[in-house]
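The listed protein sequences derive, respectively, from chains F and G. So the first sequence is numbered by the working numbering: it starts at 141 and just counts up by one. So the second sequence is numbered by the working numbering: it starts at 141 and just counts up by one.
Simulated from the structure, these hints should not be mistaken for lab results. It is possible that some hints are incorrect.
Pairs involving identical chains hold if they fit within one copy or between any two copies, as the list cannot separate such chains.
Below 25 Å or equal to it, Euclidean Cα-Cα: the simulated DSS-like pairs (lysine-lysine) are [unchecked claim]: (1) Lys217 to Lys481; (2) Lys202 to Lys456; (3) Lys410 to Lys460; (4) Lys217 to Lys456.
2 protein chains.
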Amino acid sequence: MVSKELRADLQLKWQRIQQAMQMVNADGCLLSVDVNLFYTTGQIFSGYFYLPSQGEPCFFVKRPNGITGSNVEYIRKPEQIPALLAEKGINQPNKLLLEADELSYNDYIRLQQLFNPKETGNATTLMRNVRMVKTPWEISQFRISAKGHAATYAEIPSCYRPGITDLEFQYEIENKMRRQGSIGIFRAFGANMDIHMGSILAGDNAEAPSPFDFALGGQGMDPSCPLGANGTILKEGTSVMVDMAGNYSAYLTDMTRVYAIGKLPELAYKAHQVSLTIQHEIENMARPGTPCADLYNLAFQMAEREGLADYFMGTKQQAKFVGHGIGLQINELPVLTPRSKELLEENMTFALEPKFVIPGTGAVGVENSYLVTNNAVEKLTLFEENIIQL
Amino acid sequence: MVSKELRADLQLKWQRIQQAMQMVNADGCLLSVDVNLFYTTGQIFSGYFYLPSQGEPCFFVKRPNGITGSNVEYIRKPEQIPALLAEKGINQPNKLLLEADELSYNDYIRLQQLFNPKETGNATTLMRNVRMVKTPWEISQFRISAKGHAATYAEIPSCYRPGITDLEFQYEIENKMRRQGSIGIFRAFGANMDIHMGSILAGDNAEAPSPFDFALGGQGMDPSCPLGANGTILKEGTSVMVDMAGNYSAYLTDMTRVYAIGKLPELAYKAHQVSLTIQHEIENMARPGTPCADLYNLAFQMAEREGLADYFMGTKQQAKFVGHGIGLQINELPVLTPRSKELLEENMTFALEPKFVIPGTGAVGVENSYLVTNNAVEKLTLFEENIIQL
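Just chain F, with the same shape it has in the complex (with noise of 0.2 Å):
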């Protein structure tokens, strides 16, 4: 199905998941979510794949046509799963993971019915765990899309006109991340987590509270819609928050940038400079072992020590969280909040992301992802990091 050097990754990703099967005594695992049949495949497709806890995993293809494949096997419906297993010598699971976050509810319960295991499990939380320390490959694909992040947001002040508003600012940087070889799709974990190529957040828009789960809100250009940009017009004195996607991969990058229209009042200045400085002992604080809650308490900390802790990741509604995992999609595990248990490991990545929200002039601060190496962080996401004036 895949590239020779895809399918060790492949291979060393079913080890992962084995162990960690093994280590709740689960005998298999079937997923059909987009991310995990990303995961465990290298391909999205209509079906299932089935992970046994030792030995090979097999490929259940509803659609489309022509995938040809080693334990490929085409079915109608999931009902066919149990013979085809039967008859490669595979035996019932006597306790199943299914995708219980994701699955929808009769799905699962169709799933669930026709396997009849004794003990079914929570494969969502399983890949989740298992996503969290990254692959080889998967960390070369974060490097593609830092890479095309970087290059839009240098395109990002030939985009800006005297007099536009937010919203097209962000079309012009849209298309520029469509020529830079963005994949369009962004893609979050959670119920109603919609949210498109990115945010743009001008002026006071990014006091408005976000429904969901994004660090900022943003009132939104429709009630549909309603996060990020809403037609603010960019005028002297506001601070532009630019946290477009960086899906330049299927892995995704987060990197937020802050340019000015004008000059700024001096509390924006600042608190864009206490952020820089938040993320340097962070920089410096994290690396395998540390902990996640550490992480942001030493940045609210920080934003108290200095007078901003009202402007701390929002005003009406504060996030309580500085950061977040990366990868197939924006929200992944860790995540940087203080009642986090988790600690860092070698080839976590993470997006880090200490932001002040002023009210009368917009967002200020900084957000950019990392590799966690063997002693340190990495930053993936390198680019001009001060304010810049449009």
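Given chain F's structure and the hints, the job is docking chain G onto it.
For chain G alone, coordinates are given in the frame of chain F:
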């Protein structure tokens, strides 16, 4: 929460849902999926909409801050809902409807346990059926989308330069869409149905089968997004089918036009003409009471009679429908498929898309969006339908 005009329309929707609930002896429905929230409240928020089978609805909001109105209650978690309903004198439902095809298994189980009804029914089925017949405000929103859709398509020739790829062509069309007011997000019903702003199919990429339940496929630009344009160079003798989203309001129009690079083979023009004739015959046949299956059968028989059955709705994989309902999602009910048991009703809206794929040339045909009137159908998407030479 919303304008007076929209409020009257929401009340009409609530009445229709209540009537449908009474038909299945349901006492209440709890909705939280994006399109159902928008349908019933005019906005999307993090939280729940509860409608008893008689009386006023309640709005349980987690986020964002600041929503006001009668029966708006802020909650931290859904477990607070039953007590709040009791305070308002609303009985616990004996039969509760939950979105069984849309909620995750875990979310569904959580809601079911906290209400603990004697019986649970499927709100997805009920809502998809209610949403099938549109209200006056919804119809006004389709007209906005249809206008933006046609205005964008008029700009398509200016997006073409000799020697560009289908993707480069698409990026410029996307930019025109956004400048015309496209909201960007393109919602579909069903798992993994991700699509970025629409599909452009040039040359033999139109033959690539899709993993999804769309009419045609295309390889896509990346295995993580296996649909649509794939980098095919737009060369002489290639047809380019443009099927980009009509998301100029929350209500989606669907519209396809074909552009030609130079001259196409005669078979392509013939098949395109057959598409237009099929459309014409279906327009004449369709009215309240027409079985949707008859519309598919008419289209297929006409394709067969012209000797074009092997090219109808694809080649390597052929879609078994010729149209579908449209609304907040691109694939609403009814479906124009031979297995459909639906009859057209006044104020349904649907897309009709008789298409052919000609090997070596690409896809041809037409797609328009229609409103079912009291005795006929009205075409909403008005724009030149012949093949347009670039």
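Hints and how they fare:
no.	hint	result
1	Lys217 to Lys481	between (40 Å within a copy, 22 Å between copies)
2	Lys202 to Lys456	between (47 Å within a copy, 14 Å between copies)
3	Lys410 to Lys460	within (22 Å within a copy, 61 Å between copies)
4	Lys217 to Lys456	between (49 Å within a copy, 20 Å between copies)
Of the hints listed earlier, there is not a single one the structure fails to meet.
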